[in-house]
Structures are given as C-alpha cells and as structure tokens.
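Novice: Protein chains in written order, with numbering that gives the first Met the number 0: chain X, 0 to 140; chain V, 0 to 128.
Everything labelled a hint here was simulated from the structure, so no lab data went into it.
On a predicted model such as this, the values are computed, not experimentally measured, just so you know.
Heads up, some of the hints might be wrong.
Here are the simulated DSS-like pairs of lysine-lysine, each with C-alpha atoms no more than 25 angstroms apart in a straight line [as the list claims (entries may be wrong)]:
1) 137(X) - 126(X)
2) 119(X) - 110(V)
3) 42(V) - 72(X)
4) 128(V) - 91(X)
5) 128(X) - 91(X)
6) 128(V) - 116(V)
7) 126(X) - 74(V)
8) 128(V) - 72(X)
9) 42(V) - 74(V)
Just a few of them, taken from the derived set where beta-carbon distance is under 8 angstroms, the chain V residues facing chain X [to be verified]:
10) 18
11) 21
12) 89
13) 92
Backbone N, C-alpha and C fix where the C-beta goes; we use that ideal spot for every residue, glycine too.
Spelled out, the chains give:
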Amino acid sequence: MDKVRLQREAAFIRSSLLDQGYLDEQFIQLEELQDNDNPNFVEEVVTLFYTDSARLIYNIDQALLSNPTDFTKLDDYMHQFKGSCSSIGAKKVKNECNGFGEYCEAQNYDGCFRTFQQIKQEYINLKKKLETYFQLLKEAA
Amino acid sequence: MTSRNLSTQLRALVVDDNMINRKIHQKMLNGLGVECMGVANGKEAVDVHGYGQSFDLILMDKDMPIMNGIEATKKLRSMGICSMIVGVSSRSMDVEIREFMEAGLNDYHEKPLTTAKLASIIHHIINTK
C-alpha cells in the first residue's frame with residue numbers, strides 16, 4: 000500500500016477515534032506537543048499509559064477479589080486510573096470510570112464488578128485501535 | 000513540526016505521583032521555555048528544597064502517597080518558600096479545592112492542564128518578576 004494511502008487511512012482512524020468519542024481534545028494537546036526533538040511523543044505517552052495502567056487494573060481486580068471489599072481502596076485505584084485516562088484523552092474509558100465511582104460510593108459490589116468489566120473492554124478496544132493507528136503512522140512515514 | 004528554541008530562564012518543579020502527568024506537564028513547560036524537574040510526591044518536593052534547589056513555579060498534585068499536596072504545600076510555606084505554587088487535581092469538590100488553596104497555593108487548576116493554561120501562568124510569573 001503506498002504511503003499516501005497509508006497516511007489517509009491513519010488520518011481516517013484518527014478522525015474516527017475523535018468523532019466517535021474514543022478520544023477527546025486532550026489527545027490533540029499531546030499531538031501539539033510533538034516536535035523534532037520528540038517526534039514520537041504521543042506514542043511514548045500512550046505506551047506509558049498502557050504499561051502503568053496495567054498495574055492499576057491488576058490492583059482493582061485484586062481488590063474486587065478481596066473479602067470484605069475495601070471500597071475506599073477501590074475508589075482510590077479507580078481515581079488514579081481515571082486520572083491517567085484523562086491525561087491521554089481516553090474519553091470513553093474515562094466516562095465508564097464515572098459509573099464505577101458512583102457504585103463505590105454506594106458500596107454496591109455487583110455494580111462495581113459489572114462496570115469494571117465494561118471499563119476493561121473499552122480499555123482493550125482503545126488499545127487495539129491505537130496500536131493500528133500508530134502502526135499505520137510508522138508505515139506511512 | 001519544529002524545534003522550539005526559546006528560554007524564559009524560569010525553573011519549574013512538577014510534583015505528581017502519576018508519571019504520565021509528569022511527562023506531559025514537563026513537555027508542556029519545556030515547550031514554553033521553562034527548565035523542569037519532576038518528583039513523585041510531596042516529600043520529594045520538600046527534600047529538593049531542603050537540598051538548596053529553588054524554583055519559580057511548583058505544579059503540585061493534590062493526591063499523592065507518602066506526603067500529599069496539601070501537606071507539602073503547608074511544609075514548603077513554613078520553610079519560607081515563596082515560589083508560585085499551583086495546585087492541580089482531578090478532584091473538583093469545592094471543599095477539597097478550598098482546603099488545598101488554604102494550604103498556601105497561589106492558584107488551582109483542574110487536570111488535565113493545557114499548554115494555554117500553563118502559558119498564562121508563566122506569563123504571570125514573568126510579569127511579576
């Protein structure tokens with residue numbers, strides 16, 4: 000596939016991610032920080048996000064397995080995870096986290112558990128889409 | 000994309016336990032011509048000042064392990080640190096913001112920070128120097 004078509008495809012994926020609400024303005028802020036000194040800044044930040052948030056997801060999974068459930072700890076972990084989502088512009092994942100916070104406050108275990116499965120699904124969806132996007136960018140360069 | 004080659008000769012300390020936020024905020028500040036250092040909690044922020052370092056701007060996250068932003072801000076002010084301290088947090092309840100401001104902040108912003116917000120802060124520091 001020639002580079003022009005690859006660039007168009009990458010641009011289409013980017014627009015779709017923004018239009019469909021997977022990403023928000025914060026992602027554009029990260030793109031604007033890219034320069035000749037850091038040409039892969041966005042990919043570096045996104046990679047750091049997925050590396051770091053894997054730890055938080057593990058912690059939340061473990062906290063959901065604990066009996067009795069420590070809702071304060073769950074809320075703290077989710078607050079950290081939501082903050083990271085917000086920092087890279089992961090809008091859909093971040094919005095799913097709001098629901099989890101409400102269930103934590105209500106000490107509703109079933110709600111927390113169900114919502115977290117949705118959060119993980121959105122998190123994985125976004126990861127796949129971003130991996131495809133960054134791969135296309137590399138091939139188009 | 001172009002390299003920016005401007006220097007304000009200002010120094011900033013980014014205090015945040017989240018390494019993603021530290022990376023982003025330091026990059027934003029570098030782009031505005033500000034030399035940066037990052038630490039992961041309030042105690043490290045207090046310690047670097049104890050070692051004799053000084054900064055024109057401190058970006059202070061609120062929720063951090065070991066020593067949070069409120070405790071660190073109070074400690075720095077009690078040490079006589081007069082730098083501009085800007086609190087940042089994703090928590091937005093009025094009572095939490097008020098408590099953070101009363102610890103000694105000059106300003107507070109909700110995360111995520113933008114380059115525009117930081118530029119405004121930097122311009123304020125330059126104009127009041």
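Novice: Given the hinted pair residue 42(V) and residue 72(X), is their alpha-carbon gap at most 25 angstroms?
Specialist: Given pair residue 42(V), residue 72(X) holds - Cα atoms ~22 angstroms apart, limit 25 angstroms.
Novice: Was the hint right that residue 21(V) lines chain X, CB cutoff 8 angstroms?
Specialist: Result: violated, 10 angstroms to nearest chain X Cβ.
Novice: Answer holds if the nearest beta-carbon of chain X is closer than 8 angstroms to that of residue 92(V); otherwise answer violated.
Specialist: At 12 angstroms from the nearest chain X Cβ, residue 92(V) fails the 8 angstroms test, so the hint is violated.
Novice: Against chain X, run the beta carbon of residue 18(V) and see if the smallest gap drops under 8 angstroms.
Specialist: Hint on residue 18(V): holds, closest Cβ of chain X at ~6 angstroms, below 8 angstroms.
Novice: Need the status of pair residue 128(V), residue 72(X): alpha-carbon distance at most 25 angstroms?
Specialist: Distance of about 43 angstroms is beyond 25 angstroms: violated.
Novice: Does the closest beta carbon of chain X sit nearer than 8 angstroms to the beta carbon of residue 89(V)?
Specialist: holds (5 angstroms)
Novice: Given the hinted pair residue 119(X) and residue 110(V), is their alpha-carbon gap at most 25 angstroms?
Specialist: Judged against 25 angstroms, a Cα distance of about 23 angstroms means the pair holds.
Novice: Compare the distance between the alpha carbons of residue 128(X) and residue 91(X) with 25 angstroms, and conclude whether the hinted pair is satisfied.
Specialist: With a Cα-Cα distance of about 13 angstroms, the restraint between residue 128(X) and residue 91(X) holds, given a limit of 25 angstroms.
Novice: Given the hinted pair residue 128(V) and residue 91(X), is their alpha-carbon gap at most 25 angstroms?
Specialist: violated (42 angstroms)
Novice: Is the Cα-Cα distance between residue 128(V) and residue 116(V) 25 angstroms or less?
Specialist: holds (19 angstroms)
Novice: Would the hint linking residue 126(X) and residue 74(V) be met if the CA-CA limit is 25 angstroms?
Specialist: violated (41 angstroms)
Novice: Does the alpha-carbon distance linking residue 42(V) and residue 74(V) stay inside the 25 angstroms limit?
Specialist: Given that 25 angstroms is the threshold and the Cα spacing comes to 9 angstroms, the pair holds.
Of the numbered hints stated above, those contradicted by the structure are hints 4, 7, 8, 11, 13, listed in ascending order.
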